[in-house]
Amino acid sequence: MKVDSNNFIALADIAISDGHVPQAVGTGTRTAFNRRLGAMSATSPEHGDAMRQQAAEAKRRALRKLPELLEQAEANMTRNGITVLWAEDAAEAKRHMLDIVQRHDSKHVAKSKSMVTEEIALNDALIEAGIAVIETDLGEYILQINDEHPSHIIAPIIHKSKDEIRQVMQDKIGMPYLEDAQSMVAFAREKLRVEFLQADLGVSGANFIIAETGSLCLVTNEGNGRMVTTLPKVHVAFVGIERIVESMEDYATLTQVLPRSGTGQNMTVYTNIINGPCHDGGPEHLYVIFVDNGRSRIYANEKYTEALACIRCGACQNACPVYRATGGHAYGWVYGGPIGAVVTPLLVGIDKATPLPNASSLCGSCKQVCPVDIDLPRMLLDLRHDIVEQKHTEFMWNASMKAWEQVCASPRLFELGGKAARAALTIGVDRLVPNPLGQWKQQRDFPNFAPKSFRQQWRERQSK
Amino acid sequence: MHPRPSPKGKPVALFVTCIVDMIYPDTGMSVVKILEHLGIAVDFPMAQTCCGQPAFNSGYRSEARTVAQQFLTAFENAEVIVIPSGSCAAMVCHEYPTLFADNPRWQPVAERIASITWEFTEYLTVGLGIEDLHLKLPRPQIFAFHDACHGLRLLGLGSGARTLLSNTENAQVSSLVECDVCCGFGGTFAVKMPHVSSAMLQTKIEHIETHEAQTVVTGDASCLTQMNGGLSRQKSAKRVRHIANVLAEGLPDHEG
Numbered sequence: 001m002k003v004d005s006n007n008f009i010a011l012a013d014i015a016i017s018d019g020h021v022p023q024a025v026g027t028g029t030r031t032a033f034n035r036r037l038g039a040m041s042a043t044s045p046e047h048g049d050a051m052r053q054q055a056a057e058a059k060r061r062a063l064r065k066l067p068e069l070l071e072q073a074e075a076n077m078t079r080n081g082i083t084v085l086w087a088e089d090a091a092e093a094k095r096h097m098l099d100i101v102q103r104h105d106s107k108h109v110a111k112s113k114s115m116v117t118e119e120i121a122l123n124d125a126l127i128e129a130g131i132a133v134i135e136t137d138l139g140e141y142i143l144q145i146n147d148e149h150p151s152h153i154i155a156p157i158i159h160k161s162k163d164e165i166r167q168v169m170q171d172k173i174g175m176p177y178l179e180d181a182q183s184m185v186a187f188a189r190e191k192l193r194v195e196f197l198q199a200d201l202g203v204s205g206a207n208f209i210i211a212e213t214g215s216l217c218l219v220t221n222e223g224n225g226r227m228v229t230t231l232p233k234v235h236v237a238f239v240g241i242e243r244i245v246e247s248m249e250d251y252a253t254l255t256q257v258l259p260r261s262g263t264g265q266n267m268t269v270y271t272n273i274i275n276g277p278c279h280d281g282g283p284e285h286l287y288v289i290f291v292d293n294g295r296s297r298i299y300a301n302e303k304y305t306e307a308l309a310c311i312r313c314g315a316c317q318n319a320c321p322v323y324r325a326t327g328g329h330a331y332g333w334v335y336g337g338p339i340g341a342v343v344t345p346l347l348v349g350i351d352k353a354t355p356l357p358n359a360s361s362l363c364g365s366c367k368q369v370c371p372v373d374i375d376l377p378r379m380l381l382d383l384r385h386d387i388v389e390q391k392h393t394e395f396m397w398n399a400s401m402k403a404w405e406q407v408c409a410s411p412r413l414f415e416l417g418g419k420a421a422r423a424a425l426t427i428g429v430d431r432l433v434p435n436p437l438g439q440w441k442q443q444r445d446f447p448n449f450a451p452k453s454f455r456q457q458w459r460e461r462q463s464k
Numbered sequence: 001m002h003p004r005p006s007p008k009g010k011p012v013a014l015f016v017t018c019i020v021d022m023i024y025p026d027t028g029m030s031v032v033k034i035l036e037h038l039g040i041a042v043d044f045p046m047a048q049t050c051c052g053q054p055a056f057n058s059g060y061r062s063e064a065r066t067v068a069q070q071f072l073t074a075f076e077n078a079e080v081i082v083i084p085s086g087s088c089a090a091m092v093c094h095e096y097p098t099l100f101a102d103n104p105r106w107q108p109v110a111e112r113i114a115s116i117t118w119e120f121t122e123y124l125t126v127g128l129g130i131e132d133l134h135l136k137l138p139r140p141q142i143f144a145f146h147d148a149c150h151g152l153r154l155l156g157l158g159s160g161a162r163t164l165l166s167n168t169e170n171a172q173v174s175s176l177v178e179c180d181v182c183c184g185f186g187g188t189f190a191v192k193m194p195h196v197s198s199a200m201l202q203t204k205i206e207h208i209e210t211h212e213a214q215t216v217v218t219g220d221a222s223c224l225t226q227m228n229g230g231l232s233r234q235k236s237a238k239r240v241r242h243i244a245n246v247l248a249e250g251l252p253d254h255e256g
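Here the protein sequences line up with chains A and B, keeping their order. Read in this note's numbering, the first sequence has 141 at position 141, and its numbers run on one by one without any break. Read in this note's numbering, the second sequence has 38 at position 38, and its numbers run on one by one without any break.
Same shape as in the complex, but just chain A (with noise of 0.2 Å):
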């Protein structure tokens, strides 16, 4: 997918000032959060931070073993009969698809939602070459039918109210004006339906596979996962490398906090473990490609490894005040929210998506409810860090941060600065010269500088 992190601000301002996003967003978000709050703590407190602790460990405990979890489970799927592909980048995942549909003689093709397919853009390379696919998670088929992308990593179309997806779908397939959700879906469903059944290869992601038993993972709530790996012929999964986790049990504890992170739910309506292929009516043929697109780097980089613990539950997204104001097309690319301004600079490059590591307040909540508990407050940090020392940072701060460090090393030079400061003000010299008070001001007022600062009257009060 087109990189368009590196113009994060116009389009957080377009979305701002639109304000049909924020609205949608700002309900969708709340109202996830506040469930995910009353899963987590449905029993107590104490039990939901013991979920969390559990389930961090488990992901790192698979991280610290990745090569060989990714071994084992090749390992076991090959011998369960399932084909292993690898693909260092987009291209690669890309060509062993195409491969595929060529081998199969594949026309059809159904997906169930996969963020990494986003990543690697991979209904454009089958569209382009003759392939018929189709996206049969309904928000990311109403997308698909608008020509848009998912903003959220469970919840695709959260920027979009209802209103606006019906007129979408009756402007894009021909629905009647129905008032209720209910007969909305009713619709997408019957022509969903067709779509699984003309199908004749499906693609899917995974939430995680199992090394120990080489199962792929799927959770869904609208059963078109199921359809997708059971109708075609030919299943195709999509895994980013970190998917992985070491054992069944591990399995058995991030699926608890997964669905009550991303959605509030206990678990999930639908959960799959997929072993192989199947004999007698399922796919006959299955395929498991491992993708890994940037993360190898992230890996090899101990400031940023635990990124890959996450396990795109989005519950940092809903809960972040950014994320909230400006939705998540604004990040440029396929992941918004924190967790996104933490992997598109490290998966795309820095140089890239400069803009991102800034585009939090450093509020901390996107920390507060990971369920894996990445610290992702400090690796905003190392990034902006990273930023700097790369210099892809601007003159105006360069300068401004190293006046102000020769300023903050002299109380003298401190307290002229300050009343300098105060005397510039009054005079307004701040509305003459670009800086940093001028883009305050645009919707902020600026309080005075106080006529005789703290230590002035500390003087004083010392002297009498």
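By construction, these hints were calculated from the structure, which means they are not laboratory data. Cβ atoms here follow ideal geometry from the backbone N, Cα and C, with glycine treated the same way. Accuracy of the hints is not assured; some may be wrong.
Once the Cα atoms are required to be at most 25 Å apart in a straight line, the calculated BS3-like pairs of lysine-lysine come out as [stated by the list, open to error]: (1) K65(A) <-> K107(A); (2) K464(A) <-> K33(B); (3) K402(A) <-> K192(B); (4) K33(B) <-> K192(B); (5) K352(A) <-> K192(B); (6) K441(A) <-> K192(B); (7) K441(A) <-> K452(A); (8) K367(A) <-> K419(A).
From the structure, some residues in chain B lie toward chain A, with a derived Cβ separation under 7 Å [unchecked claim]: (9) D21; (10) M22; (11) T66; (12) V67; (13) R153; (14) G156; (15) S159; (16) G229.
For chain A, the structure is supplied; the task is to place chain B on it using the hints.
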């Protein structure tokens, strides 16, 4: 966190923060008056400037280190450091030890300083174990409370400030919707992404406007500047005040 020596019976070295020094000296004086009312000796080391957080949070670690070193120099001999800001206190407690990790001269100092530094209300409630300052406000008032992010999530400040305020005679504390959601300040974020910051602020202002209280209380002068900046621009009659200013109004000899 490092084990923290009890601050009881020790003189306090006050770090007022750069913003309080220049813009809100009353907040600093309020802290001094409250501590002196409790019979605590207060000193203001004149060599203090800023904690270094603006540079640190912007990724300028070398610049931040220079400024942090100024802090360490100013407070090297302190026994207890009190800061009327959860954010600056978090910078000192959490970042200084790692910021000087490779510096044998300053690393031990940074470790010690981190262990003796307290946010103002944390010092009173956790450090000294005081829950009631026996204060009385001149007239009955209802307050809403905003939990500033760094105090809440980095220092783990609980309900200490609220307790001090609700135990003040004539003060009633009533909860603010989304009291623990960021106001949009975020340091340089507020000027690097002014529209995003202001959109976050707008949500906060809507919650303040629908609340019964005329005054919102918080523990950080920077968040207060953000919120009051928006309230003032929108001609609201409501204001956000620092917890120290409000508490100081309840001192027996307060000049109203």
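Hints and how they fare:
Using a Cα cut-off of 25 Å, the hinted pair K65(A) and K107(A) is violated, with the two alpha carbons roughly 39 Å apart. With a CA separation close to 16 Å, the supplied pair K464(A) and K33(B) stays within the 25 Å bound. For a cut-off of 25 Å, the pair hint linking K402(A) to K192(B) stands: about 17 Å separates their Cα positions. A hinted pair counts as satisfied when its Cα atoms are at most 25 Å apart, and K33(B) with K192(B) does not qualify at roughly 37 Å.
For the proposed pair K352(A) and K192(B), the alpha carbon gap of about 18 Å is at most 25 Å, so the pair holds. The suggested pairing of K441(A) with K192(B) holds, with an alpha-carbon distance near 12 Å, which does not exceed 25 Å. Distance restraint check for K441(A) and K452(A): the Cα-Cα separation of roughly 23 Å lies within the 25 Å cut-off, and the hinted pair is therefore satisfied. For the hint linking K367(A) to K419(A), the alpha-carbon distance of about 40 Å lies beyond 25 Å, and the restraint is violated.
A distance limit of 7 Å between C-beta atoms decides the matter here; for D21(B) the minimum to chain A is near 4 Å, and the interface restraint holds. Contact between M22(B) and chain A, as hinted, is supported at the beta carbon level, the nearest pair being about 4 Å apart and thus within 7 Å. Contact between T66(B) and chain A, as hinted, is supported at the beta carbon level, the nearest pair being about 5 Å apart and thus within 7 Å. With 7 Å as the threshold, the beta carbon of V67(B) comes within range of chain A, its nearest partner Cβ sitting at about 4 Å, so the hint holds.
Hint status for R153(B) relative to chain A: holds, with the closest Cβ pair at about 4 Å, below 7 Å. Here the hint on G156(B) is broken, as its CB sits about 11 Å from the closest CB of chain A, past 7 Å. The criterion of a C-beta within 7 Å of any C-beta in chain A is not met by S159(B), whose closest approach is roughly 15 Å, and the hint is violated. Nearest Cβ of chain A to the Cβ of G229(B): about 3 Å, under the 7 Å cut. The hint holds.
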